[in-house]
Amino acid sequence: MDQAEIILMIVRIWGVIGAVVALGFLTFGIDQVDEDAQDAYVFRPLIVPGILLIWPIVIWRWFVLATGRDHWPNRYHTRRRNHHWVGMLMPIAIIVILATGWSVRQTWPAHIAPVQLSAPQEPTQ
Amino acid sequence: MSVKYIPVQWNQNKWIYDAVMLIGVVAFLYIFLFVTPDILSHDYRINPQVHNARAFGACAFLMLTVILCIGPLARIDKRFLPLLYNRRHFGVMTTFVALSHASYIINWYFAFARSDKYEALLFANTSYTQIAGFPFEVFGVFALTTLLILAATSHDFWLKFLTPPVWKRLHSLIYVAYVAIVAHVSLGILQDQQNHVFSFIFMAGALLVAGLHAYAAWWQWRGGDSRGTVRDGWLTVGNIGEIEDGLAKIKVLPNGDRVAVFNQAGKLSAISNACAHQNGPLGEGRILDCLVTCPWHGFQYNVTDGRSPAPFTEMVPTFNLRLRGADIEVHTDPNPPGTYVEPVPLPQLQPVETLA
Chain A
1 MDQAEIILMI VRIWGVIGAV VALGFLTFGI DQVDEDAQDA YVFRPLIVPG
51 ILLIWPIVIW RWFVLATGRD HWPNRYHTRR RNHHWVGMLM PIAIIVILAT
101 GWSVRQTWPA HIAPVQLSAP QEPTQ
Chain B
126 MSVKYIPVQW NQNKWIYDAV MLIGVVAFLY IFLFVTPDIL SHDYRINPQV
176 HNARAFGACA FLMLTVILCI GPLARIDKRF LPLLYNRRHF GVMTTFVALS
226 HASYIINWYF AFARSDKYEA LLFANTSYTQ IAGFPFEVFG VFALTTLLIL
276 AATSHDFWLK FLTPPVWKRL HSLIYVAYVA IVAHVSLGIL QDQQNHVFSF
326 IFMAGALLVA GLHAYAAWWQ WRGGDSRGTV RDGWLTVGNI GEIEDGLAKI
376 KVLPNGDRVA VFNQAGKLSA ISNACAHQNG PLGEGRILDC LVTCPWHGFQ
426 YNVTDGRSPA PFTEMVPTFN LRLRGADIEV HTDPNPPGTY VEPVPLPQLQ
476 PVETLA
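First to last, the sequence lines map onto chains A and B. Sequential numbering of the first sequence, starting at 1, is according to our numbering. Sequential numbering of the second sequence, starting at 126, is according to our numbering.
Bear in mind the hints are in silico, worked out from the structure with no lab data behind them. Among the hints, erroneous ones may be present.
What the hints assert, rightly or not - Keeping only pairs whose Cα atoms sit at most 20 angstroms apart, straight-line, the calculated SDA-like set for lysine to any residue is: (1) B/242 x A/15; (2) B/242 x A/8; (3) B/293 x B/403; (4) B/293 x A/83; (5) B/242 x A/5; (6) B/242 x A/4; (7) B/242 x A/13; (8) B/242 x A/11; (9) B/139 x B/422; (10) B/293 x A/82; (11) B/242 x A/12; (12) B/392 x B/467; (13) B/293 x A/62; (14) B/242 x A/7.
Generate the whole structure from the sequences, applying the supplied hints.
Right, here's the structure in full:
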């Protein structure tokens with residue numbers, strides 16, 4: 001089994017576990033942790049792709065909410081200061097990448113005449 | 126605002142927003158594919174599948190560039206706030222456009238691969254040790270995966286379930302994804318581009334996003350909300366004449382959270398500055414009909430008890446206030462969300478002439 005096959009197998013296993021978590025969460029877990037979801041069923045299929053992708057976070061939040069460990073002030077801790085880092089690091093990264101991409105471009109001189117390296121394989125060539 | 130979850134919330138403004146967005150996407154693809162193939166010229170003759178792939182790829186890049194410009198523009202100038210209103214639908218549509226790009230690429234270049242085409246995508250180029258010829262596909266795979274996660278967790282359910290701070294952190298991955306897309310293009314198609322119209326548009330877009338975010342961060346740092354002095358658990362907000370009727374003054378608490386102190390018809394009330402929906406800045410909203418409206422997505426709260434009007438159920442914490450001489454002071458500990466606090470009446474200020 002090569003590395004590409006291993007990566008794809010991990011993706012498939014991740015998806016299967018996500019499907020099991022989605023089944024359990026959407027059939028009884030969601031009613032347990034969110035009163036707004038009770039008797040609301042039409043929106044639930046829209047939640048499935050998210051659970052397939054981030055099921056470890058779903059399990060963590062499900063556990064926190066179901067066991068009463070959710071600390072309500074945490075909901076209001078804004079992270080506006082994080083944008084300072086985005087404002088500094090993202091422009092640097094973009095400029096470095098653009099400069100790197102531009103510097104490794106290979107351009108061919110336009111005035112060199114074509115050279116045939118091997119004989120034609122077919123009469124039409 | 127929600128009482129019970131429904132699949133997708135639409136109102137007239139969102140219909141208009143989505144319609145404009147859809148028309149923009151269709152117009153871009155039409156122009157790219159049929160009107161200006163010579164201007165955007167492809168240096169070698171390409172077939173329709175590759176042409177389609179490039180059209181959808183360019184469209185996704187442009188959409189993401191616009192999305193990432195909206196945030197800093199709205200910070201700098203409030204006139205851009207309406208663009209923020211329905212940005213999530215914009216993001217979901219971008220994901221579908223990017224998926225179309227990936228689908229055209231995989232189903233063309235790997236159609237006759239001897240192994241599974243997704244495996245072929247992963248091992249087609251493994252020159253990870255060099256910059257020229259680096260497997261730029263990996264940046265595209267990362268960016269597309271990120272877009273899928275963000276689109277799949279864009280429903281309001283996820284905001285409430287994960288909490289706004291966790292949701293925001295997760296969705297901050299968009300910045301990393303954008304940098305990955307810049308790398309995907311720079312080390313991919315840009316290497317082979319001889320006509321520089323496309324190169325110029327791409328670089329201008331990326332530099333615009335970089336510049337706007339740098340400027341917005343500097344602008345926020347220079348004019349950000351200030352911290353007050355704390356004495357015995359009470360934080361000084363300012364002077365009694367400082368807050369205009371219907372508006373608020375925002376102060377940073379010792380733990381880094383923000384409180385918004387409102388003047389509603391001569392009476393002061395304080396609530397958390399963070400909206401329960403996406404932690405939008407409530408203190409930058411205005412009170413209308415006794416309710417403050419969040420400038421980001423229009424969620425409303427009564428400033429005396431932090432509750433959304435019935436039948437809506439959103440709540441934010443409230444804070445106790447007091448006057449100490451001419452100073453307004455707020456207690457640093459929040460009350461649980463939805464707790465009523467009696468507003469503090471402001472003393473009648475003497476006109477300036479009389480004081481003199």
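Structure-based check of all given hints:
For a cut-off of 20 angstroms, the pair hint linking residue 242 of chain B to residue 15 of chain A stands: about 19 angstroms separates their Cα positions. Taken as a hint, the residue 242 of chain B and residue 8 of chain A pair is honoured in the structure, with Cα atoms around 11 angstroms apart against an allowance of 20 angstroms. A C-alpha spacing of about 8 angstroms is found between residue 293 of chain B and residue 403 of chain B, which places the hinted pair at or below 20 angstroms, so the restraint holds. Between residue 293 of chain B and residue 83 of chain A, the direct Cα distance comes to roughly 11 angstroms. Compliance with the 20 angstroms bound is thereby established for this hinted pair.
Under the criterion of a C-alpha separation no larger than 20 angstroms, the hint pairing residue 242 of chain B with residue 5 of chain A is consistent with the structure, at around 11 angstroms. Note on residue 242 of chain B and residue 4 of chain A: the hinted pairing holds, with a Cα-Cα distance of about 11 angstroms set against a maximum of 20 angstroms. At roughly 19 angstroms between alpha-carbon atoms, residue 242 of chain B and residue 13 of chain A fall within 20 angstroms of each other, so this suggested pair holds. Proposed proximity of residue 242 of chain B and residue 11 of chain A is supported: the alpha carbons are some 15 angstroms apart, at most 20 angstroms.
For a cut-off of 20 angstroms, the pair hint linking residue 139 of chain B to residue 422 of chain B stands: about 11 angstroms separates their Cα positions. Among the hinted pairs, residue 293 of chain B with residue 82 of chain A is consistent with the structure: their alpha-carbon atoms are about 10 angstroms apart, no more than 20 angstroms. Pair hint residue 242 of chain B plus residue 12 of chain A holds up; C-alpha atoms about 15 angstroms apart against a cutoff of 20 angstroms. Note on residue 392 of chain B and residue 467 of chain B: the hinted pairing holds, with a Cα-Cα distance of about 9 angstroms set against a maximum of 20 angstroms.
The straight-line distance between the Cα atoms of residue 293 of chain B and residue 62 of chain A is roughly 18 angstroms, inside the 20 angstroms bound, and the hint therefore holds. Taking the CA atoms of residue 242 of chain B and residue 7 of chain A, the gap is about 13 angstroms. The hint holds against a cut of 20 angstroms.
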